[in-house]
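Starting from the given sequences, assemble the full structure and let the hints guide the process.
With this note's numbering, you'll find the sequence shown wraps up at 111, consecutive numbering, no jumps.
Simulated from the structure, these hints should not be mistaken for lab results.
Careful, some of the hints might be misleading.
Cross-link-like lysine-lysine pairs, in silico, DSS-like; alpha carbons within 30 Å at most [stated by the list, open to error]: (1) K46 <-> K61; (2) K32 <-> K46; (3) K32 <-> K51; (4) K51 <-> K61.
Computed Cβ-Cβ distance ranges for the label pairs, DEER-style [unchecked claim]: (5) T73 <-> E38: 51 to 59 Å; (6) S67 <-> V98: 43 to 51 Å; (7) A92 <-> E68: 34 to 42 Å; (8) K87 <-> S67: 24 to 32 Å; (9) E63 <-> A43: 29 to 37 Å; (10) R48 <-> R80: 42 to 50 Å.
Ideal Cβ positions, reconstructed from N, Cα and C, are used throughout, including at glycine.
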Amino acid sequence: VEPVSDPGDSDEDDDPRRKSQGDPKKMTDEEKRRNFLERNRVAALKCRQRKKQWLANLQAKVELFTSENDALTATVTQLREEIVNLKTLLLAHKDCPVSQAQGLGPLMMNG
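See the structure below:
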């Protein structure tokens, strides 16, 4: 009777893919170094990709806030011009009898 072999009993050194991921005690210093360098290379690539994405998101925010700031600045300018126009219109009517009857005369002097 021949013993049935268990798939887990196979020698790990036969498969080259498992050699670098096998028992760390069986790995040579060179294999450990290659393994470390490969993991470090992958981590560095991932870090660079995250940084690139972060910078792209930051640039998008800068563009959004810049356009929002431009729009708000234009609104402020428009409102200031409207204030000047309204004050001019109000001053043009300071001697008007309707303005004096409504008690707006003193308000026009303060404006």
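Now for the hints, and whether the structure bears them out:
Among the hinted pairs, K46 with K61 is consistent with the structure: their alpha-carbon atoms are about 23 Å apart, no more than 30 Å. As the CA atoms of K32 and K46 are separated by approximately 21 Å, the hinted pair is consistent with the 30 Å bound. Of the supplied pair hints, the one linking K32 and K51 holds, its CA atoms being roughly 28 Å apart against a limit of 30 Å. Proximity of K51 to K61 is assessed by CA-CA distance (about 15 Å); at most 30 Å being required, the pair is judged to hold.
The hinted range of 51 to 59 Å is satisfied by T73 and E38, whose Cβ atoms lie roughly 53 Å apart. S67 and V98 have their C-beta atoms about 45 Å apart, which keeps the hinted 43 to 51 Å range intact. For A92 and E68, the Cβ-Cβ distance of about 36 Å falls inside the hinted range of 34 to 42 Å, so the restraint holds. The beta-carbon spacing between K87 and S67, approximately 31 Å, falls within the hinted interval of 24 to 32 Å.
At roughly 31 Å, the beta carbons of E63 and A43 sit within the given window of 29 to 37 Å. Between R48 and R80 the Cβ separation comes to about 47 Å, which falls inside the hinted range of 42 to 50 Å.
Comparing the model with each numbered hint stated earlier shows that all of them hold.
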